[in-house]
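Assembling the complex is the task here: the two chains are given apart, and the hints tell you how they should meet.
Protein chains in written order, with the numbering used here: chain C, 1 to 113; chain G, 1 to 112.
Hints listed in this document are in silico derivations from the structure and should not be mistaken for laboratory results.
Just to be clear, a hint being listed does not mean it is correct.
[Stated by the list, open to error] Capping the alpha-carbon separation at 30 Å, the derived lysine-lysine pairs in DSS-like fashion look like this:
id	chain 1	residue 1	chain 2	residue 2
1	G	K69	G	K52
2	C	K57	G	K69
3	G	K3	G	K52
4	C	K57	G	K3
5	G	K3	G	K69
6	G	K52	C	K57
7	C	K57	C	K9
If you want the building blocks of each chain, they are given just below.
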Amino acid sequence: DSGVTQTPKHLITATGQRVTLRCSPRSGDLSVYWYQQSLDQGLQFLIQYYNGEERAKGNILERFSAQQFPDLHSELNLSSLELGDSALYFCASSLGLSGDTQYFGPGTRLTVL
Amino acid sequence: DAKTTQPTSMDCAEGRAANLPCNHSTISGNEYVYWYRQIHSQGPQYIIHGLKNNETNEMASLIITEDRKSSTLILPHATLRDTAVYYCIVRVPIQGAQKLVFGQGTRLTINP
Chain C
1 DSGVTQTPKH LITATGQRVT LRCSPRSGDL SVYWYQQSLD QGLQFLIQYY
51 NGEERAKGNI LERFSAQQFP DLHSELNLSS LELGDSALYF CASSLGLSGD
101 TQYFGPGTRL TVL
Chain G
1 DAKTTQPTSM DCAEGRAANL PCNHSTISGN EYVYWYRQIH SQGPQYIIHG
51 LKNNETNEMA SLIITEDRKS STLILPHATL RDTAVYYCIV RVPIQGAQKL
101 VFGQGTRLTI NP
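Just chain G, same shape as in the assembly (with noise of 0.2 Å):
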């Protein structure tokens, strides 16, 4: 799987917008960029993914750069609940085998 370079840690005030970046310069044309977060030591939970094209559903909204360097996740309008280690994962599905390998991910903290 592509590796995945994210900044260790963001603070974000309450009621902006959080913008995550995320590289991965090594991805292959058919590798997904999904993001999970976790909070606490909750269950990782899903957030988002995409190919190419940018995606958007209730969470969150997900940028892929044309070349597919790199991504942006953002969250429109944080919330202190939205503090969170944020991981971003390049993943293959191949048949037969499907594993996320997580990194370090960045620790998001929203601040009132």
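Chain C on its own, in the form it takes in the complex (with noise of 0.2 Å):
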């Protein structure tokens, strides 16, 4: 057990709509980051939020946003959902800003119908 927590853990929706994923980083961690691992893509790195402020951009979409709010824990806002951004979603926290060590949470599995 890593410490980060996921919810949910299976999300099934239609093209269209708009999701949105949770994370809750480990205890004392101020850093959260986002990946999508999808069957072809592998696992890409979306996002980078340290307390509170964005810090890093990936290969993210137009599409999807993210925040991290004052308690520290994170959300991954998905929109306008197409078949293919149905994928594993990780979110992963470390200590501090750069050069600490990554932990990641079980995941989300999206799948869009």
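Shown next, in the form of structure tokens:
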């Protein structure tokens, strides 16, 4: 158990819909990262937040957005969903801004029908 | 980030040492080598990391060559639960930005 929690574990929705994935980092960690793992793309970095502020962006679509709240939990919002958005979404956390080990949560499996 | 090259798949007998190689010939002086593994579709699990010295923890040992162009992850006594995809990642800790770039990894199968 890494100490990172994610909800929900599974999510099934339809194309065009909007969903919110939630992540709680390990106690004391200030950085949160989101990654997407699809069958054809592997594990890809989406975005990083540190203490409430966005700090790094990867291959995140404009239809996707994220935020980190004062209690340090983070939410990833996915809108106008397409079939290709079906994937595993992982959250990771680390102590600081850079140079620290990232610990991953169990993931949310999103299925778009 | 430096690119890494790993074998696509490996097999190892239960109870034996599993040695997973990784080439990172373009690694720079301040880049760390990290190893993660992913069991089925679970979240990636941190195993170990190092800069230039060999490292050991309760899970594994990491051997980095003197020129730092390659490394080997050693699972000393592999069990069936070690069957997973193992990722070797070279990461640069830079202020304000940090991401892990995962390759395809090595699918390690531990056989009874």
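Do the hints match the structure? See the list:
1. Restraint check for G/K69 and G/K52: satisfied, since their Cα atoms lie roughly 10 Å apart, inside the 30 Å limit.
2. Between C/K57 and G/K69 the CA atoms are separated by roughly 28 Å; this keeps the pair inside 30 Å, and the hint holds.
3. For a cut-off of 30 Å, the pair hint linking G/K3 to G/K52 stands: about 17 Å separates their Cα positions.
4. This hinted pair checks out: C/K57 and G/K3 have alpha carbons roughly 20 Å apart, not beyond 30 Å.
5. Of the pairs offered as hints, the one joining G/K3 and G/K69 holds, with about 11 Å between alpha carbons and a cut-off of 30 Å not exceeded.
6. Using a Cα cut-off of 30 Å, the hinted pair G/K52 and C/K57 holds, with the two alpha carbons roughly 29 Å apart.
7. Proposed proximity of C/K57 and C/K9 is supported: the alpha carbons are some 24 Å apart, at most 30 Å.
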